[in-house]
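There are 2 protein chains.
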Amino acid sequence: MSHAEKEITRIMSILTSAIAEHRLPPGTRLKEEVIAGLLEANRNHVRAALRRLAIEIKVVSLVPNKGARVAQPSRDEAKDVFSARLVLEKAVVEQAVAQMSPAKANALLKQLEKEAQAIRANDRQRMIRESGEFHKLIAQISGNRVLAELLEGLITRTSLIIALYQETTDVKCALEEHQRLAQALIDKNPDTAIALTEEHMHSIESHLQLDLVEKEIDLGLALGVNFSV
Amino acid sequence: MSHAEKEITRIMSILTSAIAEHRLPPGTRLKEEVIAGLLEANRNHVRAALRRLAIEIKVVSLVPNKGARVAQPSRDEAKDVFSARLVLEKAVVEQAVAQMSPAKANALLKQLEKEAQAIRANDRQRMIRESGEFHKLIAQISGNRVLAELLEGLITRTSLIIALYQETTDVKCALEEHQRLAQALIDKNPDTAIALTEEHMHSIESHLQLDLVEKEIDLGLALGVNFSV
DNA sequence: TGACGATAAATTGTTAACAATATAGTTTGA
DNA sequence: TCAAACTATATTGTTAACAATTTATCGTCA
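Protein sequence lines correspond, in order, to chains D and B.
Residue numbers for the first sequence, in the numbering used here: 1 to 229.
Residue numbers for the second sequence, in the numbering used here: 230 to 458.
Everything labelled a hint here was simulated from the structure, so no lab data went into it.
Be a bit skeptical, because a hint or two may be false.
Stated by the list, open to error - No farther apart than 20 Å at their CA atoms in a straight line, the calculated lysine-lysine pairs in the PhoX-like style are these:
| # | chain 1 | residue 1 | chain 2 | residue 2 |
| --- | --- | --- | --- | --- |
| 1 | D | K90 | D | K79 |
| 2 | B | K365 | D | K66 |
| 3 | B | K308 | D | K90 |
| 4 | B | K319 | D | K79 |
| 5 | D | K6 | B | K287 |
| 6 | B | K319 | B | K417 |
| 7 | D | K90 | B | K319 |
| 8 | D | K114 | D | K104 |
| 9 | B | K308 | B | K260 |
Said to hold, decoys possible - Some but not every residue of chain D turned toward chain B, in silico, with C-beta under 8 Å:
| # | residue |
| --- | --- |
| 10 | S2 |
| 11 | D80 |
| 12 | V87 |
| 13 | R145 |
Stated by the list, open to error - Here are the simulated distance ranges between beta carbons:
| # | chain 1 | residue 1 | chain 2 | residue 2 | range |
| --- | --- | --- | --- | --- | --- |
| 14 | D | R43 | B | R374 | 30 to 38 Å |
| 15 | D | C173 | B | P331 | 29 to 37 Å |
| 16 | D | H207 | B | L267 | 50 to 58 Å |
Cβ coordinates follow ideal geometry from the N, Cα and C atoms, glycine included.
The task is simple: from the sequences and hints, build the whole structure.
Encoded structure:
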């Protein structure tokens, strides 16, 4: 891995974390020079990182000549992401059960403890991060690198969607659901594990406002003005 | 979409087709200048395209300072790709059944006819292409853009894997399996469609030599020389 | 002969200057 | 006062020159 690639992935991962952990809200302008200055990086590298985030994970949106912003996925896109993620999560859980071992069980328990710590500390960002890490750990345990990589992108994307469409600002505490899922994995109980995954994902999605119609706003109405003849 | 982006996607799609249709065998050296000359493109654009093919679809492998080649995925990677693809294909088939309509049924039949034509013409490359298009069409019919995009990458990747690990050089004729699957979709029979998908994917994979161990070759033995003291 | 090293050529990798565009600010005129 | 036109600044986009590295060529010498 060349120096340039290292730089680009470094920048990508800093931006990705910031977006996933809701430190950079959807719509935030991302100026190349500003980022380069903050991260002590070359603008070319920042530029490349932004393009990759736009194309590979779609957490950044690019408008030609106008630059980059944190993406604002539509409700339709959000639904597709959730649906796709559910597919991958179930597959990964199923394969993870087959790969279960004492060491892996231990890794799961350790991760749950991190999540619990974040909650006790009332550290919102850490909660989001560790919750994501739990899902990534399952993907890793599954042993299928391809599935894991695809899922990882969707997990980040989901986090952005939550930032955009979750009404209550308080983090949905998923610890209990995670604990039950982990137990099913450790018990090598695929049916339960898959069922819990399904519940868990639906539970997250149900806290989102994805079913409001993308409203064409009547400007006149909104401004209390009537232009009709 | 800017001019540069258009150029890059143009180059990507030309290279992708060439790799997927086995005109560029695994391991082929891909020199930036040569490609730029052939496609009348800027080397910078070629370079960007190669990098994206390496990162996004993994049909190209990059070695720093040594350039790009058509990738040669390992047997392990190939297995993961097949496993992941099966997951996505099943999901997409399931969602496609729910989206079925006369127009979409028609599109499926039209695509099958293209495949049949390719076979009648004994045009190997067209056979590969149209076979891939059949799977992409189902993904598109499913209506889930996210799943479709992920699957599309895996379809291309699969084609490269087949080039690498299929012993018989003749294209495995999948028309009948495609016809049966299409019928199940048109009949809105999800169970049959999913079962046929599973069979179809396994059938393809079974024609590959993925279970030979990645052998550590004993050089001395291979050369008939014994260096032992 | 053929191993070694030096030189040249080919190829990839990097960068900073420049161009193009968008945004903000300022002047002017009615 | 306001809008339009103009200017200046900020920001993104492009490129070609250059640097670094690898590969090929050639000559030397043991």
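Hint-by-hint comparison with the structure:
1. Only pairs whose Cα atoms come within 20 Å are accepted, and K90/D paired with K79/D is accepted, the gap being roughly 17 Å.
2. Proposed proximity of K365/B and K66/D is contradicted: the alpha carbons are some 33 Å apart, above 20 Å.
3. For the hint pairing K308/B with K90/D, the CA-to-CA distance comes to about 19 Å; that is within 20 Å, so the pair holds.
4. Distance check on the hinted pair: K319/B and K79/D sit about 19 Å apart at the alpha-carbon level, within 20 Å; holds.
5. In summary, the hint linking K6/D to K287/B is supported, as the alpha carbons are separated by about 18 Å, within the 20 Å threshold.
6. This hinted pair checks out: K319/B and K417/B have alpha carbons roughly 14 Å apart, not beyond 20 Å.
7. For a cut-off of 20 Å, the pair hint linking K90/D to K319/B stands: about 12 Å separates their Cα positions.
8. Proposed proximity of K114/D and K104/D is supported: the alpha carbons are some 15 Å apart, at most 20 Å.
9. Straight-line distance between C-alpha atoms of K308/B and K260/B comes to about 29 Å, which puts the hinted pair past the 20 Å bound.
10. Taking 8 Å as the C-beta cut-off, the interface hint given for S2/D holds, the closest approach to chain B being about 5 Å.
11. Restraint check, D80/D versus chain B: the minimum CB separation of about 4 Å is within 8 Å; hint holds.
12. Nearest Cβ of chain B to the Cβ of V87/D: about 4 Å, under the 8 Å cut. The hint holds.
13. With 8 Å as the threshold, the beta carbon of R145/D comes within range of chain B, its nearest partner Cβ sitting at about 5 Å, so the hint holds.
14. Judged by the Cβ atoms, the range 30 to 38 Å given for R43/D and R374/B holds: they are separated by roughly 32 Å.
15. Between C173/D and P331/B the beta carbons are some 47 Å apart, a value that contradicts the proposed interval 29 to 37 Å.
16. Checked against the hint of 50 to 58 Å, the pair H207/D and L267/B passes, with Cβ atoms roughly 53 Å apart.
Violated hints, listed in ascending order, are 2, 9, 15; each of the other numbered hints is respected by the structure.
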